[in-house]
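Listed here are the chains, written in short residue letters.
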Amino acid sequence: MSKNIKLMQGNEACIEAALMVGMRFYAGYPITPSTELAELSAEKLPYYGGKFIQMEDEIAGIAAAIGGSLAGLKSMTATSGPGFSLKQENIGYAMIAEVPLVIVNVQRGGPSTGLPTSPAQGDIMQAKWGTHGDHPVIALSPESVPETFELTIRAFNLAEKYRTPVMLLTDEIVGHMREKIEIPAIEEIEIFNRLKPIEGKEYLPYKIEEGDIVPRMASYGEGYRYHVTGLFHDETGFPSNSSENAELMLNHLMSKVEDNLDDIITYEEYMIEDAEFLIVAYGSTSRTARSAVKILRQEGIKVGMFRPITIWPSPEKRLREISKNIKNILVAEMNLGQYVYEIQRIVKSNSEVYHIGRANGEVLMPSEIVTKVKEVL
Amino acid sequence: MNSHVEIRLSGSGGQGLLLAGVILAEAAIFDNKNAIQSQSYGPEARGGASKAEVIISDEQIDFPKVISPDLVLALTQIASDKYSKTVNQQGILIVDDSIELDGNYNYGRVIKVPIIKTAAEKVGRSIVANIVAVGLIAELTQMISRENIEKAVLSRVPKGTEDLNRKALMEGYLLAQSVL
Chain F
1 MSKNIKLMQG NEACIEAALM VGMRFYAGYP ITPSTELAEL SAEKLPYYGG KFIQMEDEIA
61 GIAAAIGGSL AGLKSMTATS GPGFSLKQEN IGYAMIAEVP LVIVNVQRGG PSTGLPTSPA
121 QGDIMQAKWG THGDHPVIAL SPESVPETFE LTIRAFNLAE KYRTPVMLLT DEIVGHMREK
181 IEIPAIEEIE IFNRLKPIEG KEYLPYKIEE GDIVPRMASY GEGYRYHVTG LFHDETGFPS
241 NSSENAELML NHLMSKVEDN LDDIITYEEY MIEDAEFLIV AYGSTSRTAR SAVKILRQEG
301 IKVGMFRPIT IWPSPEKRLR EISKNIKNIL VAEMNLGQYV YEIQRIVKSN SEVYHIGRAN
361 GEVLMPSEIV TKVKEVL
Chain G
1 MNSHVEIRLS GSGGQGLLLA GVILAEAAIF DNKNAIQSQS YGPEARGGAS KAEVIISDEQ
61 IDFPKVISPD LVLALTQIAS DKYSKTVNQQ GILIVDDSIE LDGNYNYGRV IKVPIIKTAA
121 EKVGRSIVAN IVAVGLIAEL TQMISRENIE KAVLSRVPKG TEDLNRKALM EGYLLAQSVL
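Residue numbers (the numbering used here), protein chains in the order written: chain F, 1 to 377; chain G, 1 to 180.
Please note that the accuracy of each hint is not assured.
What the hints assert, rightly or not - On the chain G side, residues computed to face chain F include the following (Cβ under 7 angstroms):
1. 26
2. 29
3. 34
4. 62
5. 63
6. 90
For the record, the hints were derived by calculation from the structure and aren't laboratory data.
Since the structure is predicted, the reported quantities are computational estimates derived from the model, not experimental observations.
The beta-carbon is built from N, C-alpha and C at its ideal position, and this holds for glycine as well.
Build the full structure now, drawing on both the sequences and the hints.
Printed below as a string of structure tokens:
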């Protein structure tokens, strides 16, 4: 069989993957540089028996997507910085109500409407802490068009498996650039669908069946009647104000992610075997970093790269282990210092942590990372 | 040309340079090479100085943006003033013959040919100047097979315009041969 090789934009690859993994509802409000995600969903979903709706604003966009998911469809919403800010309240709602959902944020320059057509990685901490209260976050960050495809599949699977919103944090570069991609056959794709109630058994919407990680999910319209709320609730889904229940529930929300880190976290290690210096980079910046590693290696400098692919939860265990043999770490990101704090927290006194970053809409150049590494050495 | 070629296509918004970049990248992929196409753009859709960039390589492409172009195309004076000098010393600068270059040449090889006029007069529509440019670049650089250039053009242009674009491509080849 001939390979299905295409030249595709990151945003196109995202929708291609979403449709293959079973996304059948998209609700959102178009915003540069994520607009292609809405356009392509509008164009393609009807051919798959799915629905697209453009809502009146960003808040309604995520709200409708939550509704679509509760009605049984794998749902997506997409946005960029300003819209991501607006969606925060409902992200928290989806977390406490345990609604599977994929939120794509094609990052652009901020704060506010900022730089609409320029890349940034400025929403890293907002992804983690943008919605209030304690909550687990799963956020994935692709560095290429093929990886956008791969991680979109993964985002849906993780959302369905752990009943939680999953964020795909891409950026203007990865979203808009066109690159070679081989689209796999549908049989080659692993697809996870949410577990449905056990037939004939009494259904409590937030009760976890033995051996399960999360409660089984009935779709609205299938005959089950239940309540969904942003308040802490008990197994029936109705609000409960008891602190004992709140603690139990919050423990469940946190532990469904924290107990499954090995399943959720992925990362890439590049030339780290003999590395004395480590560059940490994610998303499109890791391409700059990889290029810098190659240049530095040619000059005999023993440098490697660690690339978190799952950025939240962070690959803490592995990075701490590596850092024991590393004197200096340089975190490269398109912001003025965000993930660097997480890296400092992780490596503690094992390594000195430095930062290189910028938030003026310009990408970091390989030569800048090369210079910075030499400065530190 | 080298195994790693960086191309910058510049002109005015609306001249179809993004499409030209997409076609070159796609043709390279059909030729089993790696390619990345990217652009920088402002909020405006027409006018201004627009540029599209393509990297074609036999190797894996890490950094996705053009650093030192081996080939720069400029179709308008504004674009030329802004980007002509970015071509590297060993590179090729291709400009439309309507453009005046300042005498202080530091560019590589300069090729000044009537791209827009060829599209308007020989092909019959100035709108296909971008495809004339694709033919010109493909023939000059010999990076990509003619077969795959044509395949990429035909896969990306609107239905019903195939003959027009095929003709534009041919005229681009001829322009290249006139300066080789």
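Against the structure, the hints:
no.	hint	verdict
1	26	holds (4 angstroms)
2	29	holds (5 angstroms)
3	34	holds (6 angstroms)
4	62	holds (4 angstroms)
5	63	holds (4 angstroms)
6	90	violated (19 angstroms)
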